[in-house]
Amino acid sequence: MPARRQVYLDHSATTPTDPRVVDAMLPYFTETYGNPMSAHGFGRKAEFAVENARETIARILNCRPSEIIFTSGGSESDNLAIRGAAWHACAQGKNHIITAPVEHDAVVKTVAQLANVMGFQRTILPVDHVGMLSPDDFALACLPKTAVASLMYANNEVGTIEPIPQLAAMARERDVLFHTDAVQAAGQLPLDVQALGVDMLSLSAHKFYGPKGVGLLYVRGGIELTQTQSGGSQEDQRRAGTQNVPLIVGMAKALELAYEERDERVPHFQSMRDQLNDGVLSRVPGASLTGHPTQRLPSHASFLIEDLDSGALIMHLDVRGVAASGSSACKTGNPEPSEVLLAMGYTPKEASGSLRLTVGRQTTPEDVEFTVDTLVETVEKLRKLSREIIW
Amino acid sequence: MSNNADIRVVVAMSGGVDSSVAAALLVEQGYDVVGMMMRLWSEETVAGGAHNRCCTPDQMADARRIAARLGIPFYVLDTKEVFRNTIVEFFIDQHRQGVTPNPCLECNRHIRFNFLQQNALALDADYLATGHYARVAKGADGRYVLRKGIDDHKDQSYVLSVLGQEQLAHALFPVGEYSKPDVRKIAERFGLPTASKKDSQDLCFIGDNNYRRFLTDYAPDVMVPGPIVRRNGEVLGQHNGLVNYTIGQRKGLGVTSPEPLYVVGINPHRNAVIVGTLDELGQSSLTAKRVNWVSGETPSAPFAARVKIRYKAKPVNAWVEPLPDARMAVRFDEPLRDITPGQGAIVYDGDTVLGGGVIERPTETT
Numbered sequence: 001m002p003a004r005r006q007v008y009l010d011h012s013a014t015t016p017t018d019p020r021v022v023d024a025m026l027p028y029f030t031e032t033y034g035n036p037m038s039a040h041g042f043g044r045k046a047e048f049a050v051e052n053a054r055e056t057i058a059r060i061l062n063c064r065p066s067e068i069i070f071t072s073g074g075s076e077s078d079n080l081a082i083r084g085a086a087w088h089a090c091a092q093g094k095n096h097i098i099t100a101p102v103e104h105d106a107v108v109k110t111v112a113q114l115a116n117v118m119g120f121q122r123t124i125l126p127v128d129h130v131g132m133l134s135p136d137d138f139a140l141a142c143l144p145k146t147a148v149a150s151l152m153y154a155n156n157e158v159g160t161i162e163p164i165p166q167l168a169a170m171a172r173e174r175d176v177l178f179h180t181d182a183v184q185a186a187g188q189l190p191l192d193v194q195a196l197g198v199d200m201l202s203l204s205a206h207k208f209y210g211p212k213g214v215g216l217l218y219v220r221g222g223i224e225l226t227q228t229q230s231g232g233s234q235e236d237q238r239r240a241g242t243q244n245v246p247l248i249v250g251m252a253k254a255l256e257l258a259y260e261e262r263d264e265r266v267p268h269f270q271s272m273r274d275q276l277n278d279g280v281l282s283r284v285p286g287a288s289l290t291g292h293p294t295q296r297l298p299s300h301a302s303f304l305i306e307d308l309d310s311g312a313l314i315m316h317l318d319v320r321g322v323a324a325s326g327s328s329a330c331k332t333g334n335p336e337p338s339e340v341l342l343a344m345g346y347t348p349k350e351a352s353g354s355l356r357l358t359v360g361r362q363t364t365p366e367d368v369e370f371t372v373d374t375l376v377e378t379v380e381k382l383r384k385l386s387r388e389i390i391w
Numbered sequence: 001m002s003n004n005a006d007i008r009v010v011v012a013m014s015g016g017v018d019s020s021v022a023a024a025l026l027v028e029q030g031y032d033v034v035g036m037m038m039r040l041w042s043e044e045t046v047a048g049g050a051h052n053r054c055c056t057p058d059q060m061a062d063a064r065r066i067a068a069r070l071g072i073p074f075y076v077l078d079t080k081e082v083f084r085n086t087i088v089e090f091f092i093d094q095h096r097q098g099v100t101p102n103p104c105l106e107c108n109r110h111i112r113f114n115f116l117q118q119n120a121l122a123l124d125a126d127y128l129a130t131g132h133y134a135r136v137a138k139g140a141d142g143r144y145v146l147r148k149g150i151d152d153h154k155d156q157s158y159v160l161s162v163l164g165q166e167q168l169a170h171a172l173f174p175v176g177e178y179s180k181p182d183v184r185k186i187a188e189r190f191g192l193p194t195a196s197k198k199d200s201q202d203l204c205f206i207g208d209n210n211y212r213r214f215l216t217d218y219a220p221d222v223m224v225p226g227p228i229v230r231r232n233g234e235v236l237g238q239h240n241g242l243v244n245y246t247i248g249q250r251k252g253l254g255v256t257s258p259e260p261l262y263v264v265g266i267n268p269h270r271n272a273v274i275v276g277t278l279d280e281l282g283q284s285s286l287t288a289k290r291v292n293w294v295s296g297e298t299p300s301a302p303f304a305a306r307v308k309i310r311y312k313a314k315p316v317n318a319w320v321e322p323l324p325d326a327r328m329a330v331r332f333d334e335p336l337r338d339i340t341p342g343q344g345a346i347v348y349d350g351d352t353v354l355g356g357g358v359i360e361r362p363t364e365t366t
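Order-wise, the sequence lines are chains E and A.
First residue of the first sequence: 1, per this note's numbering; consecutive thereafter.
First residue of the second sequence: 1, per this note's numbering; consecutive thereafter.
Fair warning: there could be bad hints in the mix.
Unchecked claim - Quick list of the computed label-pair ranges, beta carbon to beta carbon: (1) E:Glu388 x A:Gly139: 42 to 50 Å; (2) E:Ser233 x A:Gly30: 57 to 65 Å; (3) E:Leu342 x A:Lys251: 48 to 56 Å; (4) A:Ile92 x E:Asp278: 47 to 55 Å; (5) E:Gly286 x A:Pro57: 30 to 38 Å; (6) A:Lys185 x E:Gly286: 45 to 53 Å; (7) A:Lys185 x E:Arg5: 37 to 45 Å.
The hints are simulated quantities; they were obtained by calculation from the structure and are not laboratory data.
Ideal Cβ placement from N, Cα and C applies to all residues, glycine included.
Bound-form chain A, shown alone:
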């Protein structure tokens, strides 16, 4: 039986309760634990001087203190340039294309479970552990399986859908086995801070969470006003920048109409917001690209599954058809109103994450 003390685990610490408890649990289990925090990119000057929401100097001091209390080393990994070049640039670029990205998927793909994980392995660690609410286990066939965390409210398996066998073989998610209230209790038991940073639907690198201001500063071209049109081309009004609109949006359109109108599409080539009635809104299918299958193997035939089309969406019944070139088609039993290009379409079999891809713009939208 292998001794945990011979197994080194690097824990990604943010100073918050989830990653602190993850670290504490691993220490309790006798692993050779090393704490690490990434110094991410942050805007140099923001109105009001806001920093990143995550990984600020204060949080760094918190994480360092917690590591010292747990008796583990603590290091900071300079990730600024890499983060800026991959995540921030990607975010800006996607908005230029009229698409609403989920940078957390990209961050897990490129930063956490590539850059950070590779650095951890180079430090002679066997695993990178994070405070994500998710579970990883080795199946009977020797393949790693990614599952939702036990706490359905906090489940973060969605953003981990970009991981494959290599990443999962060296990943640990200690808090996935617990509910959030239990994690707080564990934090109390270890004498750790129990406050949580605000639940992350907000982006970590936009300090004041003001997307408009951020894009105005970094990509002013996406803030250019343009027409609001119907699908038949009829112009109904003006919009104040594509970034302010999201599929399914009803409020804030500023157009008068006998029936309620919703955003049904974005056309970046014409800088246009396309609106339509409720029945124009529903979509029964989507295609996705850059599809990752967690098992490492593309399924050979279409199959039934449950699919989430954004982080906070409920999983719905669908028929999934893998396509060539890492793509897939998904057909929903019931039409959905808010299928948003750029978001992740993540495929579940019960509480197992089979994989996911990035939703493409539907080709019938002009």
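This is chain E alone, in the form it adopts within the complex:
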């Protein structure tokens, strides 16, 4: 195939691992390879690395190291937070869970399982047309028997930033455990858990230029969770399994770099995203923004394009060198309209033309220009195609 330009605009899906992070990880594969639980020197060295990583992260989150549990990623963290809190609470007769329709599947499916298989009750809060939650609606939903509430910090599909400090305050007043999935927010928004006021928070390294396969759950001291992965006594008996030392080291390094460099990264993301926005909204007929126009992730742009199929759009963009995603795009050609967009009030037809473009550290203005040009050309071709296929 002839060499052609490739622009990656799917940073909300994953990010490339920073070479400095890779360097930080390497010694822990072949040199410092001990099991952190072992009593000998090899184990101690590995444990040291894990605990250093924990301390680094705790500083950034403004919490105690003992409040960090390492997991295999954001999905596991969400599962542990919600299922662990729910199981623990139901022994005290609390069997109600609050969540939102715009949450990541790891939250939605976990809550659904607790409701359908284990008899928990759930309240799904409404969202407005830009996907924003209302603290008042949340306050009304809180009950004495509410075990846990899980509401995300920033939405992956439409970028909207939720009013977490207000929501967490409401939860605290009503003695409701508050978990937030901060997977998309990490690296861009503040993660000070005291300022946020949350009880639990999930992160995933591969969204902030760290490796895939590792994440963490912050759990405020004093909160008890029922173990969801049982076995050895790692992570203070809260999550069994030999810690993935290189990945944990990598995650800490990536988070450290992200917050050290935030003042350069975030303005860059915003500038590239705004250029993309301007280009798309002014040059693509029938394109509209989804999610909140200003209270949104700096790197995130999402659109609906009229009379187009997301799957076809993604395919055509890919073949022309732009990697993007659409919330209803599906690799197996069996698209379902996005639950998030439906909850925001879009019709299935409107929701079928979704396109998400998320910029990153390496995105340049030329990349953005190329993307907008390619998108304009692609949309024109696809619209022509649907007009011309004759039966």
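Use these hints to put chain A onto chain E, whose structure you have.
For chain A alone, coordinates are given in the frame of chain E:
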């Protein structure tokens, strides 16, 4: 001389050996190859949970893996609604009219070489390639010619008879130049799976191949019992739904008679199966509609040719007369027993496909 690397070809991949080898050959020849699979309509719930025979999630995973091994992109085109509205509805509707359709002809006409091919061209491809055993070439006069594949056992030119100049100009059939055993050898050479899905006389969208069940579920009105009659109207018995009967059928009639009886016609208006003796069965001619001439030009005069009246039939000598309104009349040298309305009558000149049409119901049958 143009560089193949500048020519993009979309290959319709099914996960099976023929389309995989087609893709591999094109990659070897240096084309800019893109693999694509159509997600077709499948029944949501079938007894036993059978899917489509074709284009299942498993086959999709196979096709995706093969594409990755060949180093080519792979996409899935959502074709469910289009396929359902044109092919599945057509199939049901034809059965309602007492006619036995060949949906593969319709699929090539509307889906593969219209919907899919147009999508391929929109992806900046110059060609759509498939794993069909057939050949296309440009003649001296600049017109495209469709020919049988080299392997007569596997030849699929019959189902491609619906193509015209526009479609052929942008079509490639890489495996048509090879025999099936050679295709298997090529697959081995490329390290591709050599197993073939079962030869397709079965319909791809009826997972368990049970036409009766499918039509009972989707068009129960064609499963209504009715009379079995002679041509003179004499009622001999009951049938259990028109779909169970096909012209030339002898078995399963459930009527006693001194001479062997065969299905000689179907009358959907009376929901009747018409039976007759062997000499009533033979027909020497047929008319066909929706005739496509591959060259793009209707022949100006009648001519001699060889005609196949179904996919697996042997070509027989006939005299073909083009008629107005995209129709034709075909007169056979010898009477045929199983001329079935709804099937394709495809016209050959040696191994060249001249065209074909859909066999009409004979007007003398009541």
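### Supplied distance hint 30 to 38 Å, evaluated on CB atoms of Gly286 (chain E) and Pro57 (chain A)
Given about 33 Å between the Cβ atoms, the range holds.
### Message
Tell me if the beta carbons of Glu388 (chain E) and Gly139 (chain A) are separated by a distance inside 42 to 50 Å.
### Response
violated (28 Å)
### Query
Should the hint that Ile92 (chain A) and Asp278 (chain E) are 47 to 55 Å apart at their CB atoms be regarded as holding?
Between Ile92 (chain A) and Asp278 (chain E), where Cβ atoms are some 50 Å apart, the hint holds.
### Gly30 (chain A) and Ser233 (chain E) - C-beta distance against the hinted 57 to 65 Å
The hinted range 57 to 65 Å holds for Ser233 (chain E) and Gly30 (chain A), with Cβ atoms some 59 Å apart.
### Message
If I claimed the Cβ atoms of Lys185 (chain A) and Arg5 (chain E) lie 37 to 45 Å apart, would that claim hold in this structure?
### Response
Between Lys185 (chain A) and Arg5 (chain E), where Cβ atoms are some 39 Å apart, the hint holds.
### Query
For the pair Leu342 (chain E) and Lys251 (chain A), does the Cβ-Cβ distance stay inside 48 to 56 Å?
At 54 Å between Cβs, range holds.
### Task
Just tell me: holds or violated, for the beta carbon distance of Lys185 (chain A) and Gly286 (chain E) against 45 to 53 Å?
holds (51 Å)
The structure fails hint 1 only (numbered hints given earlier).
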